[in-house]
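Undergrad: Quick note on numbering that gives the first Met the number 0: the sequence shown kicks off at 0 and runs consecutively.
I should point out that these hints are in silico values taken from the structure, not numbers from a laboratory. Hints may be right or wrong, so weigh each one.
With a straight-line Cα cutoff of 20 Å, these simulated DMTMM-like cross-link-like pairs (lysine to aspartate or glutamate) come out [to be verified]:
1) K86 - E277
2) K95 - E277
3) K165 - E277
4) K254 - D169
5) K95 - E249
6) K400 - E277
7) K96 - D221
8) K95 - D85
9) K96 - E277
10) K86 - D221
11) K254 - D128
12) K407 - E529
13) K96 - D85
14) K407 - E277
15) K401 - E277
16) K400 - D221
All values reported here derive from a predicted model rather than from experimental measurement.
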Amino acid sequence: MTTKPERLGRLHNASVSTVALNPDSLPAETNLPPVPPLPNKKSVSDLSRKATLTDNTLHGGEGESAIPEDKKEEAYENVEDDWQHDKRNPRNWSGKKKWLCVGIASFYTFVTPLSSSIMAPALPYIALDLGITSETVVALTLSIFLLSFALAPLFYAPLSEIYGRKWVLDISNIFFIAFNFGCAFAPSTGALVGLRFLCGWVGAAPLAVGGGIIGDLFSEKDRAPGMALYSLGPLIGPAIGPVMGGYLAETVGWKYCFILVGALSAAAGVLGVPLLRESYAPVIRLRLAKGMSPEEAIKHHPHLQAAHDPSKKWAIMRENLERPFILLTRSIICFALSLYMALVYGIYYLMFATFPELFATVYGFSSGSTGLTYLGLGLGFILATALGGHYGNVVYLALVKKNNGVSKPEYRLPALIFGSLFAPIGLFWYGWSAQAGIHWIMPIIGCGIFGFGLMAVFLPIQLYLVDTYTYAASALSAASVVRSLLGFAFPLFASQMFDVMGLGGGNSFLAGLSILFGIPFPIWLWFRGEQMRARSSLTR
Numbered sequence: 000m001t002t003k004p005e006r007l008g009r010l011h012n013a014s015v016s017t018v019a020l021n022p023d024s025l026p027a028e029t030n031l032p033p034v035p036p037l038p039n040k041k042s043v044s045d046l047s048r049k050a051t052l053t054d055n056t057l058h059g060g061e062g063e064s065a066i067p068e069d070k071k072e073e074a075y076e077n078v079e080d081d082w083q084h085d086k087r088n089p090r091n092w093s094g095k096k097k098w099l100c101v102g103i104a105s106f107y108t109f110v111t112p113l114s115s116s117i118m119a120p121a122l123p124y125i126a127l128d129l130g131i132t133s134e135t136v137v138a139l140t141l142s143i144f145l146l147s148f149a150l151a152p153l154f155y156a157p158l159s160e161i162y163g164r165k166w167v168l169d170i171s172n173i174f175f176i177a178f179n180f181g182c183a184f185a186p187s188t189g190a191l192v193g194l195r196f197l198c199g200w201v202g203a204a205p206l207a208v209g210g211g212i213i214g215d216l217f218s219e220k221d222r223a224p225g226m227a228l229y230s231l232g233p234l235i236g237p238a239i240g241p242v243m244g245g246y247l248a249e250t251v252g253w254k255y256c257f258i259l260v261g262a263l264s265a266a267a268g269v270l271g272v273p274l275l276r277e278s279y280a281p282v283i284r285l286r287l288a289k290g291m292s293p294e295e296a297i298k299h300h301p302h303l304q305a306a307h308d309p310s311k312k313w314a315i316m317r318e319n320l321e322r323p324f325i326l327l328t329r330s331i332i333c334f335a336l337s338l339y340m341a342l343v344y345g346i347y348y349l350m351f352a353t354f355p356e357l358f359a360t361v362y363g364f365s366s367g368s369t370g371l372t373y374l375g376l377g378l379g380f381i382l383a384t385a386l387g388g389h390y391g392n393v394v395y396l397a398l399v400k401k402n403n404g405v406s407k408p409e410y411r412l413p414a415l416i417f418g419s420l421f422a423p424i425g426l427f428w429y430g431w432s433a434q435a436g437i438h439w440i441m442p443i444i445g446c447g448i449f450g451f452g453l454m455a456v457f458l459p460i461q462l463y464l465v466d467t468y469t470y471a472a473s474a475l476s477a478a479s480v481v482r483s484l485l486g487f488a489f490p491l492f493a494s495q496m497f498d499v500m501g502l503g504g505g506n507s508f509l510a511g512l513s514i515l516f517g518i519p520f521p522i523w524l525w526f527r528g529e530q531m532r533a534r535s536s537l538t539r
């Protein structure tokens, strides 16, 4: 029989911790990272990454581990020696079982962002029924969702580490259903704004833990398809929402926008509660260790006991809340990439606030027809996922192969540099064609080009942050906070900016900002990124 140190050594040498890609949503560790050794030494993660990419004979449970380094010891204790090849390891589940989980998680992450924009074409009806006269307050009913959407993932990530992914998804979905039905019957502006804030708070859970599910199920070499499907939901949902909302508001009333979202969330719960399985390895192994729930197993596992101790829960939460802001303030890489992603995301939501007036006033569209104009963005997202994601991964793997199988975060940057060209092109096209009042298809094509650029930069930035930072979940949370805050703020000043600058001038200004923040820094990072990472204690 092997000793516990031998078991831990064998398992540790075969795997390193990883996190998944999600925007907003990966598990955050509970301690700030120590200062790493000098960069000349090859770390265990470097060796594992090389093995993962070059050895095609690895089994599903081999390669990187989804278990955070600081949780391995207590999770391995008193559990089977060979977890790497255990069929209960999520990495070793059948393809059918894995993709069922990916599909359900992706459905969750489609429905909740759908709620952020489905009411956009209905804003004039809402203002009329509730007596709202201020354009800023009207925009606030739309964008307040994103304020809580920005902050909530910082709480859900540690909760998913304590209780598991499934528990967080199931409970939050129940509240999401209730709050959406509450929005449908809100008696006043204040009630609607408050309920929208709560919808954003509980609706952020799928984005906070869904990416972690992808990382739990797949190793680095297998992750791209699942991540692409999962990442599509948060972007395609807001693009499809106005299509539904426009026709609902025009035919049966704006209240049914929220009723539809509540019904879709209920459908997701009907699928998720019985079919979605827990995928977070420490929680699974602790349950296996004692044949009981994590709460009962904590007697034998000090780390989990600390997490369930009421006097220490808030300390754990505080550490997870602080870490993203430490990354933003102490790492120029994290700050610059997060700011660029936030800029294009803010412009995305700014379009939601301007489409109804543009297409109704200039082109004479009805509310239902106005909703269809958002499909240009959605088509751009789909094309970027199918083409940009695939070829970006081809370039990445080619560069890894050229470097003797050793990957570097900088190999994600060619796709980012290429994708960053499309956002300003789309903005110039959209703004000036709309201002000129030429055929309605032209501004929609411009929006589609912008949508392609948004998705084309979204994916490589997420991958670069995950590959670079020891606490990748915190890096993604930092990017999520900045991104959603700008998504909340941009629609509030859209009307004033375009009144002064016009659609052509305003979108040209935004295009200039996207060029300034989106092109020079990734090019500079391609040449200097490795040296910057070597000097930082926050990187791998």
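Undergrad: Measure nothing beyond the straight line between the CA atoms of K407 and E529; if it is 20 Å or shorter, mark the hint as holding.
TA: Holds, because 8 Å separates the two Cα atoms, which is no more than 20 Å.
Undergrad: Run the distance test for K95 versus E277: straight-line Cα separation, threshold 20 Å.
TA: holds, 15 Å
Undergrad: Check whether the Cα positions of K400 and D221 lie no farther apart than 20 Å.
TA: holds, 16 Å
Undergrad: What's the verdict on K95 and E249, does the C-alpha distance respect the 20 Å limit or exceed it?
TA: Violated, at about 41 Å.
Undergrad: Measure nothing beyond the straight line between the CA atoms of K165 and E277; if it is 20 Å or shorter, mark the hint as holding.
TA: With a Cα-Cα distance of about 5 Å, the restraint between K165 and E277 holds, given a limit of 20 Å.
Undergrad: For K96 and D85, compute the direct alpha-carbon distance and say whether it is at most 20 Å.
TA: Status holds; Cα separation ~15 Å.
Undergrad: With the threshold set at 20 Å, check whether the alpha-carbon distance from K96 to D221 stays at or below it.
TA: holds, 15 Å
Undergrad: Mind checking the alpha carbons of K86 and D221 for me, to see if they're no more than 20 Å apart?
TA: holds, 18 Å
Undergrad: With the threshold set at 20 Å, check whether the alpha-carbon distance from K401 to E277 stays at or below it.
TA: violated, 38 Å
Undergrad: Does the structure keep K400 and E277 at a Cα separation of 20 Å or less?
TA: Distance ~35 Å between K400 and E277 Cα, so the pair is violated.
Undergrad: Has the given pair, K95 with D85, been kept, meaning a C-alpha gap of at most 20 Å?
TA: Status holds; Cα separation ~17 Å.
Undergrad: When you check the alpha-carbon spacing of K254 and D128, does it fall within 20 Å?
TA: holds, 11 Å
Of the hints listed earlier, those the structure fails to meet are numbers 4, 5, 6, 14, 15, in rising order.
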